[in-house]
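Listed below are the residues making up each chain.
Protein chains: 2
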Amino acid sequence: MADDFLSAHAGEIATASKRISPFVRHTPLLPDSLDSGLLIKPECLQVTGSFKARGAFNAMLRLTESQPSLAGVIAVSSGNHAQGVALAGRTLGIAVVVVMPEDSNPAKVAATRALGAEVVIDGVSTLNREDIVRQLAAERNLHLLHPFDNWDVIHGQGTAAAELFADRPDTRLVVTPVGGGGLISGTAIAAKSHDASTVVIGVEPETAADAAASMASGRRESLSSPPATIADGVRTMAIGERNFEVISERRLVDGIVTVTEREIAEATVVAWERLKLAVEPTGALPLAAYLAGKLPESSLTALLISGGNASRSVMAEIFRTAADEPHVGGEDATRA
Amino acid sequence: MADDFLSAHAGEIATASKRISPFVRHTPLLPDSLDSGLLIKPECLQVTGSFKARGAFNAMLRLTESQPSLAGVIAVSSGNHAQGVALAGRTLGIAVVVVMPEDSNPAKVAATRALGAEVVIDGVSTLNREDIVRQLAAERNLHLLHPFDNWDVIHGQGTAAAELFADRPDTRLVVTPVGGGGLISGTAIAAKSHDASTVVIGVEPETAADAAASMASGRRESLSSPPATIADGVRTMAIGERNFEVISERRLVDGIVTVTEREIAEATVVAWERLKLAVEPTGALPLAAYLAGKLPESSLTALLISGGNASRSVMAEIFRTAADEPHVGGEDATRA
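Residue numbers (the numbering used here), protein chains in the order written: chain A, 1312 to 1647; chain B, 1312 to 1647.
Hints were generated in silico from the structure; no laboratory data involved. Keep in mind it's a predicted model, so treat the numbers as computed, not measured. Glycine included, each C-beta is placed from N, C-alpha and C at the ideal position. Heads up, some of the hints might be wrong.
[Unchecked claim] Covered stretches of chain A (chain B as the covering partner; in silico rule of three or more C-beta atoms under 8 Å from a C-beta of chain B):
| # | stretch |
| --- | --- |
| 1 | 1341-1347 |
| 2 | 1451-1460 |
| 3 | 1577-1587 |
| 4 | 1622-1634 |
[As the list claims (entries may be wrong)] Below, a list of computed lysine to any residue pairs in the SDA-like style, where the Cα atoms sit at most 25 Å apart:
| # | chain 1 | residue 1 | chain 2 | residue 2 |
| --- | --- | --- | --- | --- |
| 5 | B | Lys1329 | A | Asp1478 |
| 6 | A | Lys1329 | B | Ser1347 |
| 7 | B | Lys1329 | A | Asp1343 |
| 8 | B | Lys1329 | A | Leu1340 |
| 9 | A | Lys1329 | B | Pro1339 |
With the hints as extra help, turn the sequences into a complete structure.
This is the structure:
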């Protein structure tokens, strides 16, 4: 039964919230200045600068319970999952190896190394990284921690929305980015178990619209080539199996909206001007959909800003381009 | 007696907190990721994007009580005070005229106009703006609301520190930017009335070190020419008389620290990377002093980040320059 599925997973999210609470932050829920019906859940203020720390801590705390003799953990990640796993490993005393594509955001690579993880990057691409990580895991007897297709990770990511609904139970629409589907799966479980009529929308780049295609076809669709998008956190080729089950099969997500690269870049700058937050392009996806008028009407909308780990060079380029163009509203002009 | 002075003004800050509470935000107090002894009070998340809304609302609410037939208010401001006064005027139904120097941050000029204020800018310089505003005030019978040399404004600005000490009474060192001295005066009164041993430090650019000179000489020193600094919120020529009384004569401020333009720019970028906040160069002054190792040792330090209203072009230039240089620590690398 759908209700059994939902209540069981919602219970796991509640347990995850307690499990990870000593290690992660209950991020504040911020009002918007221009729209009293808009709330911001800024996971850029989370430890490691993104929500990924939630899933990493939940999964790795579970591993220390179930596998006390664990040799280490290996992860494949474009960046934020890597930082979450690295911080959890350092905190919990677990060795961590991270496989990252060569085109990863340098700030995220440096941050992962600084957190004590071993980073494997030479010759790694978005296409071959899954194979490389499986090979290394077998060779070195490491536990492979998937960034999104893992129930413990999904339950951990769902704790952000659980906080949101605890703080503002009257939230009627919640919006998140969609890459592999970890965040939106956990969010959808938290939202629908809170109130079945809560609307859940995912946002992905037009150039990486595999989740939208999967919902449309009812099958798990993959991109044919690595997507070209500045939103480097959602360059996954397909959503995961467990994520597809939650999003599409169980119909816990109401829709997927796509945005253009220009809308993403503009939203990243507007996040600076209007929200006064450092948001990476991936984190700006929900705001991009909001600004483009692509979200359904709602009495109270919450945008889940997933992270803030953009590199200096990416930000320099985004600001340079934005400064040359006429502003597209949303300034702090009428902050109140 | 010093204690009478302190307790009377602290009482006014407590009254101001109640008076302005329907109109301003109690900003969150954020932990730092690298230093557990460091707290961030992000007034960039305040309405209008800076603490200035606090003093503006307090002073204009007092005016509506004392002068119910008021024709309007005129203010001179490089930007953030203007936005605070404009928002308070719009909210309270008071006409507002703002005189801004021609070299003002365009984002701040646009924001002030968008809030419904009349902006006078043609021919206005940092040198002549005080004269122009007095002339207009006399001609049009407007009440001149000084941006810092005004007790109601000082009491309003002090409400930020009052929130800080209410949230974390164990704060031992509080650090603010210094321009005309409104924020640090209110902060010092709040800090010393909370606990006389609390240390209060102000930070100003090396190129605008009039407050440091005034503390050193024991007289109110003025700059000889408008200072060249990217911290456009502290381009004042001298601190105010009331501010000088609090800072120097009453010895409620323990020291003034100066930072270089490069330290300010770097701190603005580090605020993005490490704090995940949109901070304007002026708001980054306390962080610049912290990163440069110029603050005294303390068990718990709070940096008051005054605002986040930087223009796109300023941010593009700061990020472009920073991206070309080796990073000076403080990345989110080891966020925990």
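Against the structure, the hints come out as follows:
no.: 1; hint: 1341-1347; in the structure: holds (count 3)
no.: 2; hint: 1451-1460; in the structure: violated (count 0)
no.: 3; hint: 1577-1587; in the structure: holds (count 6)
no.: 4; hint: 1622-1634; in the structure: holds (count 9)
no.: 5; hint: Lys1329(B) <-> Asp1478(A); in the structure: holds, 24 Å
no.: 6; hint: Lys1329(A) <-> Ser1347(B); in the structure: holds, 22 Å
no.: 7; hint: Lys1329(B) <-> Asp1343(A); in the structure: holds, 22 Å
no.: 8; hint: Lys1329(B) <-> Leu1340(A); in the structure: holds, 23 Å
no.: 9; hint: Lys1329(A) <-> Pro1339(B); in the structure: holds, 23 Å
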